[in-house]
Each structure stands twice: as C-alpha cells, then as structure tokens.
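Chain by chain, the residues:
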Amino acid sequence: MQELTRSNTAQPAQRRDTIASRAGSNPSAIWRSVRVHGMMLLSVMPIIYMVVWLVISSVYNYNSGILSWENWRFLVEPIRYQGISFPLIWPIVLNTVIFGLTVTFLELVIATPTAYALSRLDFVGKASLLKFLFIMRSFPSITLLITTFFILLQLGLINTMAGVILVTVAGALPGHAYILKGFFDDVPWDLEWSALVDGCSRFSAFYQVVLPAVRSGIAAIAVFAFTGAYGEWLLIRTFIFTNDQLTLAGYMAKLITDEERILNYGLITAIGVFYTLPIAIFYILTQGFLMQANIGGRRLS
Amino acid sequence: MSVQRLQRHLYPYLFLLPFILLATLFFVVPAGATIWMAFTDLDASMSPDLVGLENFARLASDPYLLGIVGVTTLFTFFSLMLVLVLGLALAIGSQYMVRSRQAGVFYRTIWLIPSVMPSVVYVAFWKYVFDPSEAGLVNSFLVDVAGFATPISFVTRYALPIVVLATGIAGASGGMIIFSAAINAMPQDLFKAARIDGASDWSIITDLILPWLRWPIMYVTVSEAIGLMATYYFILLLTGGGPVFDSTTLALYSYRMAFGSLRYGYGAALSLIVVGISLVLTLIMLRLFDFDALLHSSRIDL
Numbered sequence: 001m002q003e004l005t006r007s008n009t010a011q012p013a014q015r016r017d018t019i020a021s022r023a024g025s026n027p028s029a030i031w032r033s034v035r036v037h038g039m040m041l042l043s044v045m046p047i048i049y050m051v052v053w054l055v056i057s058s059v060y061n062y063n064s065g066i067l068s069w070e071n072w073r074f075l076v077e078p079i080r081y082q083g084i085s086f087p088l089i090w091p092i093v094l095n096t097v098i099f100g101l102t103v104t105f106l107e108l109v110i111a112t113p114t115a116y117a118l119s120r121l122d123f124v125g126k127a128s129l130l131k132f133l134f135i136m137r138s139f140p141s142i143t144l145l146i147t148t149f150f151i152l153l154q155l156g157l158i159n160t161m162a163g164v165i166l167v168t169v170a171g172a173l174p175g176h177a178y179i180l181k182g183f184f185d186d187v188p189w190d191l192e193w194s195a196l197v198d199g200c201s202r203f204s205a206f207y208q209v210v211l212p213a214v215r216s217g218i219a220a221i222a223v224f225a226f227t228g229a230y231g232e233w234l235l236i237r238t239f240i241f242t243n244d245q246l247t248l249a250g251y252m253a254k255l256i257t258d259e260e261r262i263l264n265y266g267l268i269t270a271i272g273v274f275y276t277l278p279i280a281i282f283y284i285l286t287q288g289f290l291m292q293a294n295i296g297g298r299r300l301s
Numbered sequence: 302m303s304v305q306r307l308q309r310h311l312y313p314y315l316f317l318l319p320f321i322l323l324a325t326l327f328f329v330v331p332a333g334a335t336i337w338m339a340f341t342d343l344d345a346s347m348s349p350d351l352v353g354l355e356n357f358a359r360l361a362s363d364p365y366l367l368g369i370v371g372v373t374t375l376f377t378f379f380s381l382m383l384v385l386v387l388g389l390a391l392a393i394g395s396q397y398m399v400r401s402r403q404a405g406v407f408y409r410t411i412w413l414i415p416s417v418m419p420s421v422v423y424v425a426f427w428k429y430v431f432d433p434s435e436a437g438l439v440n441s442f443l444v445d446v447a448g449f450a451t452p453i454s455f456v457t458r459y460a461l462p463i464v465v466l467a468t469g470i471a472g473a474s475g476g477m478i479i480f481s482a483a484i485n486a487m488p489q490d491l492f493k494a495a496r497i498d499g500a501s502d503w504s505i506i507t508d509l510i511l512p513w514l515r516w517p518i519m520y521v522t523v524s525e526a527i528g529l530m531a532t533y534y535f536i537l538l539l540t541g542g543g544p545v546f547d548s549t550t551l552a553l554y555s556y557r558m559a560f561g562s563l564r565y566g567y568g569a570a571l572s573l574i575v576v577g578i579s580l581v582l583t584l585i586m587l588r589l590f591d592f593d594a595l596l597h598s599s600r601i602d603l
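Protein sequences appear in the order of chains E and B. Read the first sequence against my numbering and you will find it ends at 301, with the numbers running on by one and no gaps. Read the second sequence against my numbering and you will find it ends at 603, with the numbers running on by one and no gaps.
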C-alpha cells in the first residue's frame, strides 16, 4: 500500500489537468462521472457499513435494543462466554505486547545481518542461499504446521509463548530479510569504501556507516513484524492450549470459533474494537513514514 | 590457511548463522519430517511405525476425498476469479475512471480495510452477515422486510460460496493495491495519445491498461493460487471447514486430520500433496518472473 499512497502524491499534475479541463464541460462527461462515482460509492458502502456496525454493535444491547456500555465490562471483569470462563483481558493485552515486541526485536536482530551479508559479502553458496530464500518467501510455510508441532514438542516448547515466537519469526523472516536486502543494495559502495579507507574495520563500517543508511528499511521491517505478530492467530490457536497464555488475536479467534455461531455479538464486537483500535492508530501513524521508506506493494498482514 | 584468512572466510557466515539456524529448524527439518511422517502411522498413541504407502492407499479409498478435491478446485478457482475481476475493477475504477485524485484516494483507502484489518474481526462481520438467526444482517432483512417465515441457515447451506466471498473480497483488496500501483506507473503519453485519437474508455481499458497489467496479473494469479490452495485462514475461522467437510479444502483437511482427529501420519500424507503442488507453483513463479531479474530489483514485489 506504500505504492498506493505514493501514487497519490507522485501523480503528474498534467494528466489530471487535461482531464479536468475536459470533464464537466459537456453533459455526457457529467453523466459519465455520475455513473463512475455511483459504482465506486456502491462498492465502498458494505465496507463502511462493516466499520459502522463494529462500532455501534460494541455499545448495543441486542436483547433490549438500547445503547449501553454493558458490552465493555470485559475491561473490568473476566468474561464467561458460552459456558467457558476466560481470563481477564489485561494479562492478555500484556501477552500481546510482549509477543509483538519480542517478535519484532528478534526479526530485526536476525534479518539485518542476514540482509547485509546477502547484499554486501561474498561467500560460498551465496547464489543457492538467495534462491532458497526466494523459495521460502513464496512457499506457504503453513503446510508444514503438522511437523512444526512435533519439533516444538521435541524442544519442549509446545504450549509456550517462546515456541510460538520462534515459529512466527521463522515464518516472517525470509520475506523481511528480502526487503531489507533491497535497502542494503541501494547504499552506495563508495560510502563503505571511504569508511574502510578512513581506517574502519569491516564490521565497524557495517555498524557505523552502512547500518544508519538503511534506518528507514529497518523501521519498515519493524512495523511489518509488529503488525504481523499482532494479527497472528493460527499459530497461537494450534500451539497454545491454556487460555491465560493467549494474545488478543488468539483470544478473538477462540471466541469466534468455539461455537458454530456467535451468540453475543455485542461482546465480540466490543472486544474486536478494543483489539483493532490500537493497530489502526499505529497503522495510520506509520503510513506517512512508510511512504518515505518507499517500499514496493507490501501488505501488512 | 592463516588465522586471518580463515576469519575472513567465516565472517559472512557469522552474519548468516541465526537465520540459517531458524530456517533449518522451522523450514528444512519440517519439510523433511513431513516426507518421513507421511509414510508412518503416527497418531495419538505417539508410537510411529513406518507403514510404506498405506496412507496413500487409504487416501485413494477415502470416501471424502472426491468431495474435498472438488471443494479445493471450486474454492481456488472462484476466489481467484473474484480477486482478479474485483481487484482489477477497483484499480481501474479508482485510478483511471475516477477523474478526481482525491476521490480515487478515498475509494482506495476504504477498500484497503478488508486486507489490512485483523482477520479475526473481519470474519466476525461475515458471521454476523450470514448468521442463521434473525440477529444476522441478511436474515433480519428476510424476516422483517421480505416476509420470510423462518430465517435461512446460510452457513449450513451455502458454506462454500460464503468462504469464497469472504476470502475473495479480502484478496481483491490486496490485488487492487498491486494493480493500481502498476496503472499509476503507466506513461501518461499513452493516455494522451489515445484521447487525441478519440479512444473510448472501454478501448483504453482493453487495449492499453489490461495489456500493460499483463505481468502484475500473472503475478497475482500465481501467488494467489498458491495462497488459496495451501492456506485456510478464513475458512477455519468462518466455518471450520463444515458442515462436515462441505467447505474443507485439501490443506484444511490435512490440518483437521492432524489436529482434530490426531491422525498425524495421514495428515502429513495429505499435506505432502499440498506441499508438492505449492512447490511446483512456486517454481513456476520463479521461472515466470525471471529469478535473476527479481534478485536485482528486490525492492519491488512484482
């Protein structure tokens, strides 16, 4: 979506001008514009409805038909839903923050040196490693879930946050290392050479000169990593069995899949809004900087 | 070899070590283990024995298999069509048909929501739309306005179309992003020339924009085909693959066999087939999108 946003700002003015001077001048152009906007508006209606529904439903009592904060009581007391009692939300929020930050930290610490080596260093097996990275990036690792389960079992990491963190990081790493490699590729060699001439070691040239030059790439990866971890529910649902270890995404996933249908939309949408709002704000705040970071059409989740 | 030279040779691998460790542990080993497990009878008793091709023989006589292959094909095909057609329509609509820049941005921003919002919340909305009671959006309309006597239990009757709709709309949102970026990169002279020649909107779309989008369309087709065939995020959340196996694709069948019925060996055999198809599609993508070229323009996702 970076390209999307960029496209809006980088649009050459001339095309719009010529088009604007034509449109509106004759009735058929106006009629065309009405039809086009009619279609587009029609297409966005369901999505707008969805957002409005989420917000209103979260403060709506489906039994009495009045608006109330009743649905938001999950903030102050543990909920019972369909006969199962769930832990209070705040420890879950804490899990979510710890999970998101740890995944982000590990991804940065591992992806950065990997991307640097792939971009800058020569070593035996580089071409095959790049090929392997590319396959890993496109290959759906979800197909390996069954054996991953047994590996975690062997490592004693099943039903632990640490296990899910490792699998999440491993899954996201190829794609993110690949993006970051592109940023390293764009740093001019002259920069590194002049550092070496000035007496830097190879490592301090990396650390003090090249690394600061890819700041925006690293920040972008951090945003992707955190948003990805925030939305991750399948690994949590498959590898975590105790409710007090859930993250918000896993908690939501459990609530909406335990029964055939959702019995209390008020409660579910209240928790849904509570869960979505922080990441929506985070997303809007980081858009401006991601636009500058100038990365190709990446999706966040 | 001197110590210094040895150091210089090892230096790159120090940078790569954590990545190689993780990739081995959670990619190479599971891939190898899937092959091994597919030939064992591993189940809840946790005592695996090699049973040769038994899992595959059982697969051939599985009464559900035909239905599941059918569901997989229908789900992949129709979701893909929805992603391509709707994604293209939205991109062309907002980038070309809509003349005002601000309006185009507005439509695209709204259409971004299905693919960037958390999937668990997105699915909750679909559950509400097709809820089998009068609480559901469609049913409340049918009963209150259209005068139906009883609500329709959509999820039991139309599970597959519903998961196609939910998956396809989220996918179209992602496709739109790629297509509209490509349309935006088109040289404006092309449009000017076409206009001077008096070309209609329709011929600008079919003769100019669509040919220009050939590669992005190809890319979205192959990568979405892999994703749709091998993943089941929305299906698992929406219907769990039910009723019975009515909306279960092959990949989800493998998941349900392993984690639902605890028949890990059989699940692994099923996932081996999915892995095989995904690998073939991944390699096709590698070939189509010229691996070397991709390596050199790694900042672009196309």
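Just so you know, the hints here were simulated from the structure itself, not pulled from any lab data. A few of these clues could be false.
[Said to hold, decoys possible] Residues of chain B clear of chain E, computed beta-carbon distances all greater than 12 Å:
| no. | residue |
| --- | --- |
| 1 | 359 |
| 2 | 361 |
| 3 | 449 |
[Claimed, not checked] Facing chain E, from chain B, some residues (calculated, C-beta under 10 Å):
| no. | residue |
| --- | --- |
| 4 | 307 |
| 5 | 314 |
| 6 | 394 |
| 7 | 398 |
| 8 | 438 |
| 9 | 459 |
| 10 | 512 |
| 11 | 514 |
Glycine is no exception: its CB is placed at the ideal position from the N, C-alpha and C atoms.
Verification of the supplied hints:
| no. | hint | result |
| --- | --- | --- |
| 1 | 359 | 16 Å, holds |
| 2 | 361 | 20 Å, holds |
| 3 | 449 | 18 Å, holds |
| 4 | 307 | 13 Å, violated |
| 5 | 314 | 7 Å, holds |
| 6 | 394 | 6 Å, holds |
| 7 | 398 | 5 Å, holds |
| 8 | 438 | 8 Å, holds |
| 9 | 459 | 14 Å, violated |
| 10 | 512 | 19 Å, violated |
| 11 | 514 | 13 Å, violated |
In terms of the numbered hints stated before, the structure departs from hints 4, 9, 10 and 11, listed from lowest to highest.
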